[in-house]
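Number of protein chains: 2
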Amino acid sequence: MPERAAIVLLSGGLDSTTCLAMAKDQGFSPLYTLAFDYGQRHRHELTAAEKLSRSFGAKEHRVMKIDLRQFGGSSLTADIAVPKDRSDAQMGAGVPITYVPARNTIFLSYALAWAEVRNCDHVYIGVNALDYSGYPDCRPEFVESFQRTARLGTTRSEFTIHAPLVHLTKAQIIRLGVSLNVDYGQTHSCYDPSPEGLACGHCDSCLLRKKGFAEAGVADPTRYV
Amino acid sequence: MPERAAIVLLSGGLDSTTCLAMAKDQGFSPLYTLAFDYGQRHRHELTAAEKLSRSFGAKEHRVMKIDLRQFGGSSLTADIAVPKDRSDAQMGAGVPITYVPARNTIFLSYALAWAEVRNCDHVYIGVNALDYSGYPDCRPEFVESFQRTARLGTTRSEFTIHAPLVHLTKAQIIRLGVSLNVDYGQTHSCYDPSPEGLACGHCDSCLLRKKGFAEAGVADPTRYV
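Order-wise, the sequence lines are chains W and D. When the letters of the first sequence are read in order and numbered with my numbering, they come out as residues 1 to 225. When the letters of the second sequence are read in order and numbered with my numbering, they come out as residues 1 to 225.
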C-alpha cells in the first residue's frame, strides 16, 4: 500500500485529538500535526497538543504563530470576558463571542500550504456542526467549499479535507474516541482555565464537554478547579 | 451614499498599487491596506507598500507577519535561487519555482478576518491570470471559489473579492494606472533587488514589468542596477 500522509489540525482539545486517533486508525502514515499559537489567553492547549502528537507517534508537530489579536473581535483573543454558565438556548443563539474571525479559513490555509510542500493530500479537521452551530466555519458546506477552493488554488487537485466529526454529537465523539483508546484526560478544552491548567467547568466548552461525558456514560477524566 | 470600506491587499508592487488606485477611484472609503511579511528575501516591497498606503490616504495599514519559511518550497522564501532571463515560453511552462504554497489563500484568509472585524464586505486583490498563468491561485475560478467559501465561513454573506486586473495584460494595467495618476516609480516588483532596493532587471517579475512598460508605450520609471 502506498504511503498516505495526513496533516491533522490539533488544538489539543477533545475533538481534534479524536480526529488524530481516527487518522491513525484509518491507516494514514506519516501523520503531521499542526497547532496554532493565535494569541489564545492561555497556553495549556498548546502544551496538550504537543504531548498528544508525540503519544500518537506523529512524525512532526508544528506550531504556527499567527497574530489574530491584531484584528481583535473575539473573547478568545481579545480582552473580552469568556461567558459562563450559559443555557443550551443561549449557546445555540447566533454567533458566539468566542468565535474567532475566519479562524478555520486561516487554519485550513496553513494546512494547505504545508500539505503542498509535503506532497500530502489529506487534512483532518475536528469541526462539528451540531454542538457549535453558531460558528459559521464549522458547517459542512464551508468545509466542502474550502476543499474546492484549495484544489483550484494549488497544485493538489486531489486535496481532501476530512471532517469526520461534523455530524456527531459530543457523546458520539467521546464514545468513538474511547473505542480508539484516546486518553481524554490528556486533552484540554476549557476556554478559561486556572493558571495550573485546571478546567473552569463553566465556559461553553466545559459545559459541552461535561454534558458529552454524561450522555456517553463515560467517566469524565477532566480536572476541574 | 453610505460608507463603503474596502481592504486592499498591497504588496507594494505594480499590480496591487493599481488596485489601490482603482478602489479609491471607485469611491471606496475608508481604505484599509494589508501587507504581509512572509519571509521574503528583502524588505523593499514592504517599505514601498507602507509609503504607497499613506500617499493614497488609506485609513490604516497593517503588516501581518506570517512565517511561510517554516514550510519552505519557494525561491521567494527558501534558499533557492531566483531564476533569471527566462524566455516567455519558460515563464509560461508549469508552476514557477517562485510560487509560494497557498499564498493567496492565506492572504485572502487574513483579509477576510480583518474584513469581518471591520464590518467590511470588499477586498481588492491584484491577481492576474494572463502574465502569471503558472500560479494556480491567480486564476479567476480560484478567486470566485474563495469568495463563496468566505461567505459560507463567516458572518459576511455579501463578502466580495474584487480582482479587477485578472484578465488584463501588464501593458493594460500600466495604462490604467497611469490614467489614475499612479506613480509607478514608487512601486517595487523585483524578486531579487540590490541591497539599496534597485531592481535586478532579469528576474521574471522585472522582465514582465519591463515588457509591460514597453508595450504600453510608457517610460519605465524603475531604477535598475
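There's no promise every hint is true.
A pair holds if it fits inside one copy or across any two, identical chains being indistinguishable in the list.
[To be verified] In silico SDA-like links for lysine to any residue, alpha-carbon gap of 20 Å or less: (1) Lys-59 <-> Gln-70; (2) Lys-51 <-> Asp-88; (3) Lys-24 <-> Lys-59; (4) Lys-65 <-> Gln-40; (5) Lys-211 <-> Pro-140; (6) Lys-65 <-> Ser-87; (7) Lys-59 <-> Glu-196; (8) Lys-65 <-> Asp-37; (9) Lys-65 <-> Gly-39.
Hint data in this document are derived by calculation from the structure and do not stem from the laboratory.
Quiz item: Which earlier hints can't be squared with this structure?
Solution: 2, 5, 6 and 7
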